[in-house]
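Could you slot chain D onto chain G? The hints should help.
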Amino acid sequence: MKKIKYLPVLLAVIMILCVSIGPALAYFTAFTTAKGSATMALVPKTEITERTANESKKVVAITNNGNAPCFVRVKAFAGDDVSMSVTEGSGWSADGTNCWAYGPVVMPGDVTSDLVIALKLPDDYKDGDTINIAVVYEATPAVWDDADGAYKPDWTSDVTVID
Amino acid sequence: MTADKRKRIPLVTILLFTLAFGLLLFSSIGGTRAALIYGTEQNAYQAEIKMMSANLVLIENGHAVSGELLTGLPDANPIPGKSYEEVLAVVNNGSAEKGDIDEYIRVQIYKYWLKDDGETKDLTLDPALIELSAPLGGWIPDPDASTDERTVLYYSVPVAPGEATTPFCETITVSDEVMRTVKQTTIGPDADGRTTTITTFAYDGKLICLEVEADGVQTHHAEDAILSAWGRSVSLQGDAITLNDGGGQK
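These protein sequences, in sequence, are chains G and D. Take the first sequence: its letter number 108 is residue 108 in the working numbering, and every next letter is one higher. Take the second sequence: its letter number 193 is residue 193 in the working numbering, and every next letter is one higher.
Next up, chain G with everything else stripped away, as it sits in the complex (with noise of 0.2 Å):
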């Protein structure tokens, strides 16, 4: 019987607590956003072609096939009794690592100019014989250099394994 006398109290409470919780604040703000993004390509895809002159040349041209511009250079193998020799110009030139390295940076859907291997077949070759000579090339992505505002090679630092 005393909680149903006190109920009216309660509730009278209650209704005056809800009365004031209507009227509020604010204060005038604007806003707005924006968001963008771009893709990162840093793997360079190239292509090595390769063709035979003379018998006494090995001519050798690169293609930048992909969407960032990079850097190359070639090595090439032969058996002991071939020599090879290069004469630099058209942008290649010997790097100090038994490589030749292309000066210019080769940029989307552009081609080298030609690296002209010349060789000196051995004194008993006679037509119809096999003589094999291996080109390899490596392509690294072009980095830009805002000081020097040119792109540049990266051939040499050390790079950082993540998980």
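These are computed hints drawn from the structure, not numbers from a lab. As the structure is a computational prediction, the values presented were derived from the model and not from experiment. Just so you know, even glycine gets a beta-carbon here, dropped at the ideal spot from N, CA and C. The reader is advised that the hints may include incorrect statements.
[What the hints assert, rightly or not] Ranges between beta-carbon positions, derived for each pair:
hint, chain 1, residue 1, chain 2, residue 2, range
1, D, T185, G, A150, 27 to 37 Å
2, D, T147, G, R51, 53 to 63 Å
3, G, A134, D, G72, 38 to 48 Å
4, G, T39, D, R150, 18 to 28 Å
5, G, R51, D, D116, 30 to 40 Å
6, G, T52, D, Q184, 30 to 40 Å
7, D, D224, G, D158, 46 to 56 Å
8, D, E68, G, S83, 51 to 61 Å
9, D, D116, G, V161, 11 to 21 Å
Then chain D, alone, in the frame of chain G:
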């Protein structure tokens, strides 16, 4: 208990009910409206109430942004080490003639990496390798709220309708450190005992993402308005705001 006692209503109860009724009555008076119930074309009555408003627009490289950033990069894919023009500022797009108000402005800049799908954030990659140039004068950084991924800046003075802030960013650069970060996967050993290690560029195919949020708040009762809207305690010296130490959200 006698029947009389059960029937009698306590005085306190009566007083409280009266008080409650009175509060309800007076609170509803403020919401009363009047409607025009009679009139002709000649006697038509029109009333207008002009509300103040606040408007903001983001500007990227001199152009208003409609939701999308980084749309004008000259290279299809960002070149590591190359700084791209990314001049960002905020304009109070209101009009003083229309009654729009001056505003204090805050920007929150988010930079992070997305996975190949372009949707999911890649938490294994370092947002610090996405480098934004420092803001020009007029912006106050909040070091308590800033991280490698998020930078919070407050413009120190109010911006009037039609006026713009100084740029809070001028260039965006992807560090060439991305060229020297790789992931390795080891396969094997196979039946012949050979193990293959595949090394890939960790950032190849990933997306840099730049997101900007700009907020404006009224200049009247600015300290209270900024604390209420942005959760940041500031002090006013004339028109200029300064951040109170330890007065912000983390």
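Hints versus structure:
no., hint, in the structure
1, D:T185 x G:A150: 27 to 37 Å, "holds (34 Å)"
2, D:T147 x G:R51: 53 to 63 Å, "holds (56 Å)"
3, G:A134 x D:G72: 38 to 48 Å, "holds (46 Å)"
4, G:T39 x D:R150: 18 to 28 Å, "holds (22 Å)"
5, G:R51 x D:D116: 30 to 40 Å, "holds (38 Å)"
6, G:T52 x D:Q184: 30 to 40 Å, "holds (38 Å)"
7, D:D224 x G:D158: 46 to 56 Å, "holds (55 Å)"
8, D:E68 x G:S83: 51 to 61 Å, "holds (60 Å)"
9, D:D116 x G:V161: 11 to 21 Å, "holds (20 Å)"
Violation of the numbered hints given earlier is absent; every hint is satisfied by the structure.
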